[in-house]
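**Student:** Could you build all of it, start to finish, from the sequences and the hints given here?
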Amino acid sequence: MYQAIPFRASVSTVTRDLPNTRGIHETNIITMVSENAVIIIGTRGCCLCHVVKRLLQGLGVNPPVYEVDQDRETSVVAQLSTHTSATEMLQFPTVFVGGKLLGGLERVMASHISGELVPILKDAGALWL
Numbered sequence: 103m104y105q106a107i108p109f110r111a112s113v114s115t116v117t118r119d120l121p122n123t124r125g126i127h128e129t130n131i132i133t134m135v136s137e138n139a140v141i142i143i144g145t146r147g148c149c150l151c152h153v154v155k156r157l158l159q160g161l162g163v164n165p166p167v168y169e170v171d172q173d174r175e176t177s178v179v180a181q182l183s184t185h186t187s188a189t190e191m192l193q194f195p196t197v198f199v200g201g202k203l204l205g206g207l208e209r210v211m212a213s214h215i216s217g218e219l220v221p222i223l224k225d226a227g228a229l230w231l
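Remember, my numbering sits 102 above the position in the sequence shown when you count from 1.
Hints listed in this document are in silico derivations from the structure and should not be mistaken for laboratory results.
A couple of the hints might just be wrong.
[What the hints assert, rightly or not] Ranges of calculated distance between the beta carbons of each label pair, as one might list FRET restraints:
(1) Ser177 / Gly217: 20 to 28 Å
(2) Arg156 / Ile132: 24 to 32 Å
(3) Met211 / Pro166: 30 to 38 Å
(4) Gly162 / Gly201: 13 to 21 Å
(5) Ser136 / Gly160: 23 to 31 Å
(6) Gly162 / Glu137: 17 to 25 Å
[What the hints assert, rightly or not] Here are the simulated lysine to aspartate or glutamate pairs, DMTMM-like style, with alpha carbons at most 20 Å apart:
(7) Lys224 / Glu137
(8) Lys155 / Asp171
(9) Lys202 / Glu169
(10) Lys202 / Glu137
(11) Lys155 / Glu169
(12) Lys155 / Asp225
(13) Lys155 / Asp173
No residue lacks a Cβ here, since even glycine has one placed at the ideal position from N, Cα and C.
**Tutor:** Written out as structure tokens, the structure reads:
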């Protein structure tokens, strides 16, 4: 039988594209957020990141996914919190659209169901329709 992996509500991200040097790693997160129309930041191996990515791909957006390791989780949250000035704690997966925090899976799903997501993506330049 398969064993379930315990779910963590906090944020962890591992980079596949960036070196693991702390200074470069943390600065590049902010750069990646500001340079991409849409980016998903989540924990390595997180199934919720896959759900958000598939939803956005279904709408015609192909967002990069930035994965965080558990040992870098706290520093990534601190960097993103100073960039976004969010009052509540960030949780992974976190979606940034147009360099601004959209929210987690619940916010993305709610905005999709209400019809707000497509205009937000168009304004950010992620959709060409």
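**Student:** Hint by hint, note whether the structure agrees.
**Tutor:** Evaluated hints:
1. Remark: the range hint 20 to 28 Å for serine 177 to glycine 217 is contradicted by a beta-carbon distance near 36 Å.
2. Under the hint 24 to 32 Å, the C-beta atoms of arginine 156 and isoleucine 132, about 26 Å apart, fit the expected range.
3. A hinted range of 30 to 38 Å is violated for the C-beta pair methionine 211 and proline 166, which are about 20 Å apart.
4. Taking 13 to 21 Å as the suggested C-beta distance range, the pair glycine 162 and glycine 201 conforms, at roughly 20 Å.
5. Range check, serine 136 to glycine 160: Cβ separation about 25 Å, and the 23 to 31 Å hint holds.
6. Evaluation of the 17 to 25 Å hint for glycine 162 and glutamate 137 yields a pass: the beta carbon distance comes to about 20 Å.
7. Simply put, lysine 224 and glutamate 137 have alpha-carbon atoms about 16 Å apart, close enough for the 20 Å limit, and the pair holds.
8. Distance check on the hinted pair: lysine 155 and aspartate 171 sit about 19 Å apart at the alpha-carbon level, within 20 Å; holds.
9. For the hint linking lysine 202 to glutamate 169, the alpha-carbon distance of about 18 Å falls within 20 Å, and the restraint holds.
10. Among the hinted pairs, lysine 202 with glutamate 137 is consistent with the structure: their alpha-carbon atoms are about 11 Å apart, no more than 20 Å.
11. The straight-line distance between the Cα atoms of lysine 155 and glutamate 169 is roughly 13 Å, inside the 20 Å bound, and the hint therefore holds.
12. Our distance criterion of 20 Å between C-alpha atoms is met by lysine 155 and aspartate 225, whose separation comes to about 19 Å.
13. Between lysine 155 and aspartate 173 the CA atoms are separated by roughly 24 Å; this puts the pair beyond 20 Å, and the hint is violated.
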